[in-house]
Amino acid sequence: MYFFIYKIVIFCLIPFALAKLTYRALTKPIHLQYLNERFALYSKKRSSVWKSRKTVWFHCVSVGETKAIVNLIQILLKQHPSTYFLISHMTLTGRNTELINNPRIHRTYLPYDTKGASKRFLSFYQPKIGVIVETELWFNLIDQCKFNNIPLNLINARLSKKSLNKYLPFRKFINSKLLQLDSIYVRSEEDLSNFSRLTKANIKLMGNIKFDSSPPKGTLNKTNQLKKQLKISSHFVLVAGSTRAGEEKILLNLVKKLNYKELILVIVPRHPERFSEVEKIFQSQNLKIVKKSDLGGVKKTPQYVLGDTMGELYELYGLATLAVIGGSILDYGGQNPIEPMSLNVQTAVGPSIYNFKDMVNTAEKNNAIFRFKNIAELEVIIKNLVDKGQVNQGVIKNAQKYIKQSSGGTDKVVQLINQYL
2 MYFFIYKIVI
12 FCLIPFALAK
22 LTYRALTKPI
32 HLQYLNERFA
42 LYSKKRSSVW
52 KSRKTVWFHC
62 VSVGETKAIV
72 NLIQILLKQH
82 PSTYFLISHM
92 TLTGRNTELI
102 NNPRIHRTYL
112 PYDTKGASKR
122 FLSFYQPKIG
132 VIVETELWFN
142 LIDQCKFNNI
152 PLNLINARLS
162 KKSLNKYLPF
172 RKFINSKLLQ
182 LDSIYVRSEE
192 DLSNFSRLTK
202 ANIKLMGNIK
212 FDSSPPKGTL
222 NKTNQLKKQL
232 KISSHFVLVA
242 GSTRAGEEKI
252 LLNLVKKLNY
262 KELILVIVPR
272 HPERFSEVEK
282 IFQSQNLKIV
292 KKSDLGGVKK
302 TPQYVLGDTM
312 GELYELYGLA
322 TLAVIGGSIL
332 DYGGQNPIEP
342 MSLNVQTAVG
352 PSIYNFKDMV
362 NTAEKNNAIF
372 RFKNIAELEV
382 IIKNLVDKGQ
392 VNQGVIKNAQ
402 KYIKQSSGGT
412 DKVVQLINQY
422 L
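FYI, this note's numbering numbers position 355 of the sequence shown as 356, with every residue one higher than the one before it.
Hints are supplied without guarantee of correctness; some may be wrong.
Stated by the list, open to error - Distance condition first, Cα-Cα at most 30 Å in a straight line; then the derived DSS-like pairs of lysine-lysine:
{"no.": "1", "residue 1": "K366", "residue 2": "K163"}
{"no.": "2", "residue 1": "K232", "residue 2": "K163"}
{"no.": "3", "residue 1": "K45", "residue 2": "K55"}
{"no.": "4", "residue 1": "K301", "residue 2": "K218"}
{"no.": "5", "residue 1": "K218", "residue 2": "K300"}
{"no.": "6", "residue 1": "K250", "residue 2": "K232"}
{"no.": "7", "residue 1": "K201", "residue 2": "K223"}
{"no.": "8", "residue 1": "K129", "residue 2": "K52"}
{"no.": "9", "residue 1": "K384", "residue 2": "K293"}
{"no.": "10", "residue 1": "K129", "residue 2": "K8"}
{"no.": "11", "residue 1": "K232", "residue 2": "K262"}
{"no.": "12", "residue 1": "K300", "residue 2": "K229"}
{"no.": "13", "residue 1": "K293", "residue 2": "K229"}
{"no.": "14", "residue 1": "K262", "residue 2": "K389"}
{"no.": "15", "residue 1": "K389", "residue 2": "K301"}
{"no.": "16", "residue 1": "K116", "residue 2": "K218"}
{"no.": "17", "residue 1": "K384", "residue 2": "K292"}
{"no.": "18", "residue 1": "K398", "residue 2": "K384"}
{"no.": "19", "residue 1": "K293", "residue 2": "K218"}
{"no.": "20", "residue 1": "K257", "residue 2": "K232"}
{"no.": "21", "residue 1": "K167", "residue 2": "K147"}
{"no.": "22", "residue 1": "K358", "residue 2": "K301"}
{"no.": "23", "residue 1": "K167", "residue 2": "K45"}
{"no.": "24", "residue 1": "K116", "residue 2": "K52"}
{"no.": "25", "residue 1": "K398", "residue 2": "K366"}
{"no.": "26", "residue 1": "K120", "residue 2": "K147"}
These are computed hints drawn from the structure, not numbers from a lab. On a predicted model such as this, the values are computed, not experimentally measured, just so you know.
Please work from the sequences and hints to get the whole structure.
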């Protein structure tokens, strides 16, 4: 019964999804590019090509999941020189996230989750194994994988208590679908506990593969070049990465209150469609903000910088004296703190962490990050760093140790995939 209702709901939501894409395409026509993939409508000529290939399929809904598999893909490319890798996404930013440049890697949108589209998707690409990164569950797709005997595995899975409480009323139905997966590997003990309340499936603890992520090659050189362009020397640089609506104003007000002449605020919005919106926040207060996409006319060190380019967050985090994790100031659940930490950048995380709860709490216990409950506490953190010479070497060393001790999940995924190749 629930599955029947689910199918109806999916059909009803598709027109709204198309309307949203069309609206976004008014300013960025690229949103309607590859629209055929949203419905799994492919060239018949290409079908025979994929039938002759041994393909491993990863589903990475957006940016974070795509970045998480970079090291994994590099390892698999070397170990399996004749295997192809299909990476599916749901968002434009996910599809545009930089991966290894290799002819054996193919990117596509995952089709809307109707029975017909899921069937066409699997029939066209014919993957030997499917791997869903984190918790992007589409029940028609799961059902079709089971019907077509395609092993489907969930890795790096997370399930917050908030999400668990939403799913529990439908526990019987969701359990029946999770039992169709070949394996479920979770990130933390808390995720293990939450999944165990939702399903009778065998849940295993793998750890978080995001700990194995490393900065792209050339990041240090790009950061140093950017410092020269922005004329940054001994300044205190506050980089807020992946910020969400409302957080930019809070940070701007904090910087104005601190009133340090040598403080630079770098804002990197989470979603590219908000770049112009954030720029207008500064313009409305008659504050000049230099855009990363237009550095040609910089004659003196700017106080405000807007990261309005894609795929360059590591480069911008490299500028930081202190990185603030966007989405954690207001109730958005936070973003991945490992990115700045892996660059030996001091990192501060706000009160909202439900997307990375275990990671942040453990890092805090190991004194590897700074935590703040409100903007006043962030102000104190900044003041203390300025008064004591800007860098807390103890926090940086603890972060390095914490990342090293927590890594290793990627090797487990490689072992999982190798069973099917």
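Does the structure keep K358 and K301 at a Cα separation of 30 Å or less? violated (40 Å)
Next pair to validate is K262 with K389; report whether the Cα-Cα distance is within 30 Å. holds (17 Å)
Given the hinted pair K232 and K163, is their Cα-Cα distance within 30 Å? violated (45 Å)
So if I understand the rule, the pair passes when the alpha-carbon distance is 30 Å or less; does K116 with K52 pass? holds (21 Å)
Please work out if K293 and K218 have their alpha carbons no farther apart than 30 Å. It holds: about 20 Å lies between the C-alpha atoms, which stays within 30 Å.
Are the Cα atoms of K120 and K147 separated by 30 Å or less? holds (11 Å)
Given the hint that K45 pairs with K55, test it: the Cα-Cα distance must not exceed 30 Å. Holds - the C-alpha atoms of K55 and K45 are around 18 Å apart, at most 30 Å.
Does the alpha-carbon distance linking K167 and K45 stay inside the 30 Å limit? It is violated: about 41 Å lies between the C-alpha atoms, which goes past 30 Å.
For the pair supplied as a hint, K384 and K293, is the alpha-carbon distance within the 30 Å limit? holds (27 Å)
Take a quick look at whether K167 and K147 sit within 30 Å of each other, Cα to Cα. Roughly 25 Å separates the two Cα atoms, so the pair holds.
If you draw a straight line from the CA of K389 to the CA of K301, is it 30 Å or shorter? Satisfied, since the Cα-Cα distance of roughly 26 Å is no more than 30 Å.
Holds or violated: are the alpha carbons of K129 and K8 at most 30 Å from each other? holds (26 Å)
The structure fails hints 2, 7, 16, 22, 23 (numbered hints given earlier, in ascending order).
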